[in-house]
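As you go down the protein sequences, you meet chains B and D in turn. The first sequence: position 749 = 738 (the working numbering), numbered continuously. Positions in the second sequence are counted from 1; adding 2 to them yields the working numbering.
Careful, some of the hints might be misleading.
[What the hints assert, rightly or not] What follows is a list of derived Cβ distance ranges for each label pair: (1) D:25 to B:51: 26 to 34 Å; (2) B:765 to D:134: 53 to 61 Å; (3) D:134 to B:630: 14 to 22 Å; (4) B:508 to D:134: 40 to 48 Å; (5) D:167 to B:713: 58 to 66 Å.
[As the list claims (entries may be wrong)] Derived contacts from chain B toward chain D, CB cut-off under 7 Å, selection only: (6) 9; (7) 10; (8) 18; (9) 22; (10) 26; (11) 50; (12) 232; (13) 267; (14) 271; (15) 653; (16) 695.
[To be verified] Reference listing, derived: stretches of chain B covered by chain D, where coverage requires no fewer than 3 residues with Cβ under 8 Å from a Cβ of chain D: (17) 211 to 219; (18) 449 to 458; (19) 472 to 485.
Hints in this document: simulated from the structure, not taken from any laboratory. Computed from a prediction, not measured in an experiment: that's the story for all the values here. Note that CB positions come from ideal geometry on N, CA and C, so glycine has one too.
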Amino acid sequence: MTELQYVGKRILRKDGPRKISGSSIYAGDIRLPGTLVGGILRSPHPHARIVGIDTSAAKRISGVKEIITGKDTLGIKHGFVETPRYPPDQLALAIDRVRFVGEEIAAVAATDAEAVEEALSAIGVEYEPLPGVFDPVHAMELNAPEVHPSHPKVKEPFHNIAGKTESSWGDVEAGFVQSDHVFEHRFKSHLRTHGYLESQVTTAYFEPGGKLNVWTSSQGPFIKRAKLSATLGLPMSAVRIQKAYVGGAFGGKIDLFSHEYCAALLSIRTGRPVRICASREEVFIAYRHGQPLIVQMKTGVKKDGTLVAQQFCVINNCGAYRGSGVVVIFLVWGFAMLPYRVPNLKYEGYAVYTNNPIRCPQRGHGAPQMRFAIESQLDMIAEELKLDPVEIRLMNARNPGELLPNGDNVHNCGLKDCIRKASEHTGFSEVYGKARRTGPEGRFRKGIGMGVSAYFGGSLIYPNSSSVVVKMNDDGTFTLLTGALDIGQGAETILAQIVAEELHVPVDEIQVIAADTETTPVDIGAWISGCAYVSGNAAREAAMQVKNKLLEIAADEMGANREDLILENKSVYVTGSRQTRLTYKELYGASLRKNRGDPIIGEGHWRTMRDEPMHPSLATTKGRWSENYAFDCQVAEVEVDTETGMVKLLRAVTAHDCGFPINPLLVEGQIDGQVSMALGHAFMEEVLMIEGRTINPSWLDYHMPCIHNVAVSEHIDVITESYTPGSPYRTKEVGEGYVSGILAAIANAVYDAIGVRLHSTPFTPEKILRALGKIK
Amino acid sequence: MFFPQGDFEMKTIVELTVNGERHELAIEPHWTLLEVLREHLGLTGTKEGCGTGECGACTVLADGNPILSCLTLAAECRQMHITTVEGLAKEGKLTIVQEAFWESGAVQCGFCTPGMVLSVTALLQENPVPSEIAMSKALEGNLCRCTGYNKIIEAVHLAAKRLSSVR
C-alpha cells in the first residue's frame, strides 16, 4: 500500500493566510455602494396581541428609506422543521400576536444607523399584553396560558405540546422486574448560548434584473436559499447566497432568521443594498440559544452492573415556536441509546411551548444534556453496587458490528478502546475516590470523573447530499468547486487534501471555490456533522473522474496500459521507467488536442444511506439515522476551592474514535474547543431570564472562558477506519460529540471531589457551597 | 434622544496615520476608531464582536500598544500611529507571529484572530520571552470561542522562540 501524502497529515488551513491577515471577507465586511443600514423593531412583551402598528411618524424621519411590517410580507411561514407533522409555524414579521421578547415586528432601512434608531423608536405599536408562561412543566398544566394549541396528534391531556417523540423496544416493565436494583433520578440542564464571536449579520442586494444576492453569516448556503426563496415567494433562480466566511456558529446560524428576510425585502423594495447586523445585546435577548432539558430517568441493573432496562421522560422547554425543539426530543433518544446496550427501553420526549425565545441547535444538539444525566446516574449506580466506573462502562459498551434498535450498525465502534485508553492514560481507577476516602482535608479538593458519549455523522435532511466538481487548469493545477462552507472547522482544507491525495498534487495547487449557491454544487451544509464523510467522498469521486481522464490520455500518449501507469508529483509514468514521464500540464494539452478542445472536469456525488428515502420519523424514531457513529470516552480532573465554591478544570483527556482523522491538526482544534465550551457550560455560563427577558445580555454578565480558564487538553486517537486512495471511505464526526462526554466527566469529577451529587447544571459556586453545607 | 444636540454633529478634520499611511478625514466627534477604520477606510480586517469592549476582536495597536478600537474615539487618535491587522504582513509575507498562528492551528473561524495577533505582536515587542502568566495577562481581553486557547498559547510560544532566534 502506498503511503498517504496529504490525507491524515497536519496540513495547514487553506484559509489561514487570509484570516490571519484580515483579508477574509465575512458577511459584515461586504462593501457595496449605496448600502443602507437596517434594523429590527422587536417586541418588549413576552406575550401580547398587536392592536395596531403606526409607522407614519417614523417614515418622515430624514434618512429613512423604507419600513416594513408583517402586512408587507406574503405571510408565508417557515420553520427549522418543515414536515407534514410539523409544518412551518413562524412568520418573518409578526402580524397580530407576539409570543416572546424580541419577536420581530417591523424593519427599517435608512442611510445611517442614527436614523434607524430614531425610526425604530418612532414606530408606534399598541399592544394588549397577554399572560405568559415560562416554565415547561407549568406550561403543560391545563390551566396554563396557551402559547399555541397542543399538537393535534398528542392525546395526553397536556397544554402547549409542540411535539412528542416516543420509542421503545423490549419490555421495560419486565426488565425492571428482572433487575436486581432500580434507580430513579431527575436531572436538569440550563440555558446556554453559542457565543459565536461574529454577531448575526446579513448584507442583501436585489440587483436590477431581479437577482437577490445575499451574504449572510450561516452554516450552509443551500438551506438559506430554500427558505428565503420560499418566504419571499421568489424562484430559487432569483436568489443567490454568496460566500462569506463565518465568525463562529456552533449550531446557532442554521435556520432562517428574520433579519435575513428583512434585509432581503428591504433591498427588494429600495433597490439598494441593505445590511442588518444584530447588536450583541440583541443576540442575547432575541436570538436562539440552546435547549434546557428535564430528564427523568429510571434504570434497572443486575448485581454485576449489566443494564437491563431504562425508561426516560424528557421535557424540553422549546420556546415560543417549534424551532428545533421537536428535533431535540428525537435526538436525545438517540444519544441515550448509542453507547450502551440496553435490552429494554422506553422513551418519551415532549417539546413544550413557552413564552421564551425560539430554540435552535447548539453543538451536540441535546447530547450534553442527556449524557450528563445518564453518565451521572451510571456513576451513582456503580458506587451503590461497589463497581469501578470503568468496569461498568466497559461491561455495557457496544461492540463493533452491533446493530442498534433502529437498524443502524455501529460498524467499527471503538468505544471499548476509548474507555480502556482514557482509563490507562489517567490511572483512573487508582485516583478515583481517593479524595473521598482520605476525607475532607485542606481548602482545595481534587476529583476525577469519566464520561462517555457518541454522535451521529451526517443524516438525511435537506439538501441531503453533496456534490463536488474538480476542474483542471492549463498549467496542470486544479480548481475544486464545493458548496461546503468553512465555518472554522476546516471544510475547504480537508476537501482539498482529499483531491490532492487522489491526484498526487500539492494542496497549495488546488484552488477552492466554495459556498455559493450559483457557482458551486449542492452541499449538505456545516450543521449535520457530515462534511468529512459526505462532502469528502463527493470530492474523492470528483477527483477520481479527473484521474481516469488523465490516465486515459496518458495511456494513449505513452502507448501503455492504463494499469501500468503511476501518478506521482503532478505527472504520470509507466511502471518500471520512472524517468520517462508526462506532466499534468502536458497531458492537459494533449487532452485538449485529442478531444477537440474539451477540458478535463470531474464531478462527484455522495449521499449517506443512499437507499433510504428520507430521514427517520421524529415522532416514532423509525427509520435509519446514520451510518457513521463516533464514540468517545473523556476524563476530567477538577479542583474545587471549598472556600469559594469555584471549580477549575485542570485536565481533560479525550480518547475518541472519529474513524480516520483526515487532518489531525484540525481534529485537535475541534476537541480543544469542545472541552473549553463544556467547561464554560459546566461552571461559568448561563443565560438568565426573568419572564422570558434575558437579564445578562453581554459578555460582562455572561462569562465565557477566557485564556485564564484554559484547561490542559490531551487527545488519544482510536483509529478504527482507514483511507485508501481510489476507494470510498468511512469516517466519523469530530465537531460535536466531544462537548458531551467531557461535560458528563466534569459532573462526575465534581462529585468525586466533594462527595455530593449535583443534579443540575451549571455547577456554580453557590451550588457547590450549598452542597458542602457552607451556605443555606 | 441619546445624543446631545448642538454642535454634536459638526464634522472636524482629523489626520490619522494608519498602517503608515496618512489620511485626512472629516469625522463626527462621536465616531469610534473602529467605525472609521471599517466604514471610512475600508479596513474590515478589524472585527466587531460586541461593540462594548468585552471581546477584544476590535483590538488594534496605537503607537504599538493594544487598544479597543470600539471604545476609542477616532478623534483621540490624531497624534498616534495606528496599526491594524492589514498593516502587519509586508509585501505579502506574513510576520513571525502570523506564521506561528497558522502553523500551530491557532486559527479556526478567524474572527478573533486579527485582535489576537495584534495583542501577541504587542506582547512580544515588549516582552520577548513571556511567561505563561504574562501571556495570559496580555490575552485576557481577547475572547476566542473556537480553540479553547490551547493552540493560541502554543502559537505564542512558537513565535517567541522564533523571534528570539532572529534577534
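Inset, instruction - Double-check residue 26 (chain B) for me: the hint is only fine if its C-beta lies closer than 7 Å to a C-beta in chain D. - result: Constraint on residue 26 (chain B) not satisfied, violated at 10 Å.
Legend entry - Hint check: 7 Å Cβ-Cβ cutoff, residue 50 (chain B) to chain D: violated, 12 Å
Legend entry - Hinted contact residue 22 (chain B) with chain D - closest CB pair below 7 Å: Violated - the Cβ of residue 22 (chain B) stays beyond 7 Å from chain D, reaching only about 12 Å at its closest.
Inset, instruction - For the hint on residue 271 (chain B), just tell me whether its beta-carbon gets within less than 7 Å of chain D. - result: Violated: closest Cβ of chain D sits about 11 Å from residue 271 (chain B), beyond 7 Å.
Inset, instruction - Can you take a look at whether the segment 472 to 485 of chain B is actually covered by chain D? Rule is 3+ residues, C-beta closer than 8 Å. - result: n = 4 at 8 Å, threshold three: holds.
Legend entry - Agreement of hint residue 653 (chain B) with chain D interface, Cβ distance less than 7 Å: Violated: closest Cβ of chain D sits about 9 Å from residue 653 (chain B), beyond 7 Å.
Legend entry - Restraint outcome when residue 267 (chain B) is required to lie within 7 Å of chain D by C-beta distance: Hint violated; residue 267 (chain B) Cβ to chain D Cβ min 11 Å, cut 7 Å.
Legend entry - CB-CB spacing for residue 713 (chain B) and residue 167 (chain D) relative to the 58 to 66 Å hint: Between residue 167 (chain D) and residue 713 (chain B), where Cβ atoms are some 41 Å apart, the hint is violated.
Legend entry - chain D contact restraint for residue 18 (chain B) - C-beta distance below 7 Å: At about 4 Å, which falls below the 7 Å cut-off, the nearest Cβ of chain D leaves the hint on residue 18 (chain B) intact, so it holds.
Inset, instruction - Go ahead and decide if the range 40 to 48 Å is satisfied by the Cβ distance of residue 508 (chain B) to residue 134 (chain D). - result: holds, 46 Å
Legend entry - Evaluation of the interface hint that places residue 9 (chain B) against chain D, nearest CB under 7 Å: Holds: closest Cβ of chain D sits about 4 Å from residue 9 (chain B), inside 7 Å.
Inset, instruction - Answer holds if the nearest beta-carbon of chain D is closer than 7 Å to that of residue 695 (chain B); otherwise answer violated. - result: holds, 6 Å
The structure shown violates the earlier hints numbered 2, 5, 9, 10, 11, 12, 13, 14, 15, 17, 18.
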